[in-house]
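Novice: Sequence:
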Amino acid sequence: MASKEEALIQSVFFTQMEYYCNASILVMLAYECIACLPSELKLIWTSIGSPGHWIRILYFLCRYPPVLYMTIEWINPTSTKA
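The sequence shown: position 28 = 28 (the UniProt record's numbering), numbered continuously.
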């Protein structure tokens with residue numbers, strides 16, 4: 001009986017630690033996005049008519065999906081390890 005209780009406590013502990021780690025990663029990612037926003041606006045998004053539009057598309061696809069993924073993962077964690 002004690003081993004089941006210990007396993008439950010350990011499972012709750014690891015789930016809570018995963019939640020805290022995801023929250024801290026999301027905060028660091030949001031801070032980095034906010035801190036780099038002036039440089040990003042100046043270097044990437046102000047040159048609308050330049051021929052390097054593929055670079056902006058690739059930059060956008062590499063930059064912002066992790067923010068969306070981490071937000072969704074923090075709100076609704078999908079990893080249910082027991």
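No lab work stands behind these hints, which were simulated from the structure alone. Quick reminder that beta carbons are idealized off the backbone N, C-alpha and C, glycines included. Some clues are possibly wrong.
To be verified - Pair by pair, the computed Cβ-Cβ distance ranges are: (1) Q16 / V67: 49 to 59 Å; (2) Y59 / A7: 40 to 50 Å; (3) L58 / F14: 21 to 31 Å; (4) E40 / A2: 47 to 57 Å; (5) Q10 / A30: 23 to 33 Å; (6) A7 / H53: 35 to 45 Å; (7) F60 / Q10: 26 to 36 Å; (8) F13 / A35: 52 to 62 Å.
Novice: Which numbered hints turn out to be false for this structure?
Specialist: 1, 3, 6, 7 and 8
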